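As given, the protein sequences belong to chains Y and G, one line each in that order.
Per this note's numbering, residue 1 is the first one in the first sequence, and the count goes up by one each step.
Per this note's numbering, residue 1 is the first one in the second sequence, and the count goes up by one each step.
Calculated directly from the structure, the hints in this document are not laboratory data.
Computed from a predicted structure; not experimentally measured.
Certain hints may be false.
Here are the simulated BS3-like cross-link-like pairs (lysine-lysine), alpha carbons at most 30 Å apart as the crow flies [as the list claims (entries may be wrong)]:
1. G:Lys3 / Y:Lys42
2. G:Lys53 / Y:Lys42
3. G:Lys71 / G:Lys53
4. Y:Lys79 / G:Lys3
5. G:Lys13 / G:Lys3
6. G:Lys3 / Y:Lys59
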Amino acid sequence: EDQVTQSPEALRLQEGESSSLNCSYTVSGLRGLFWYRQDPGKGPEFLFTLYSAGEEKEKERLKATLTKKESFLHITAPKPEDSATYLCAVQAPGGGADGLTFGKGTHLIIQP
Amino acid sequence: DVKVTQSSRYLVKRTGEKVFLECVQDMDHENMFWYRQDPGLGLRLIYFSYDVKMKEKGDIPEGYSVSREKKERFSLILESASTNQTSMYLCASSSSVVDTQYFGPGTRLTVL
Chain Y
1 EDQVTQSPEA
11 LRLQEGESSS
21 LNCSYTVSGL
31 RGLFWYRQDP
41 GKGPEFLFTL
51 YSAGEEKEKE
61 RLKATLTKKE
71 SFLHITAPKP
81 EDSATYLCAV
91 QAPGGGADGL
101 TFGKGTHLII
111 QP
Chain G
1 DVKVTQSSRY
11 LVKRTGEKVF
21 LECVQDMDHE
31 NMFWYRQDPG
41 LGLRLIYFSY
51 DVKMKEKGDI
61 PEGYSVSREK
71 KERFSLILES
81 ASTNQTSMYL
91 CASSSSVVDT
101 QYFGPGTRLT
111 VL
């Protein structure tokens, strides 16, 4: 069974304090790994897709990396508006369903 | 920009009622998905569709059905709502099976 584990569950940082969120996964034949941001009461907002180990993508203060067992979302010099829940999801073939398997998310709070 | 809309942001229904949740996407995407999101459980796939009139069960289809009569519209149906179906319902679409899924704003359903 495909599994996705995100850590930490919650993280509180000071504005400007860089850190990383972790997403570890066990899947057979990864098709893609996705990062989303979700604000309270809203739908997930797409951030990045990674397809193969060694791949990296960046967007403003965020950088996502991928290895064969885990992905990291690095956040550099965060601002209060970066506060949100960050979700990691994987897609793998088989099982009759091609939806995403999500982790439970990391709730990130950036304090001014 | 991809736009996925859902018919209601908030919905309150009584036990036993038939409930329709509507989702529309404007990007001519082939695939559409329904998830539910619950605290501590994350997002779980209910049903998905990869073509008009086609549907596949996800991880938790019990108590739900779906309809896709037109490419842009995907409906989730609760035949007889129960209190354990109180949840946030999220619709998503993608242009191919292995591609980024874009989410709507969600419908928070309360069943009394």
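Hints, verified against the model:
Under the criterion of a C-alpha separation no larger than 30 Å, the hint pairing G:Lys3 with Y:Lys42 is consistent with the structure, at around 14 Å. At roughly 28 Å between alpha-carbon atoms, G:Lys53 and Y:Lys42 fall within 30 Å of each other, so this suggested pair holds. As the CA atoms of G:Lys71 and G:Lys53 are separated by approximately 9 Å, the hinted pair is consistent with the 30 Å bound. Annotation: proposed proximity of Y:Lys79 to G:Lys3 holds, straight-line Cα distance about 27 Å (limit 30 Å).
Restraint check: the Cα-Cα separation between G:Lys13 and G:Lys3 comes to about 27 Å, which is no more than 30 Å; the hinted pair holds. The straight-line distance between the Cα atoms of G:Lys3 and Y:Lys59 is roughly 21 Å, inside the 30 Å bound, and the hint therefore holds.
Violated hints are absent here; each numbered hint is respected by the structure.
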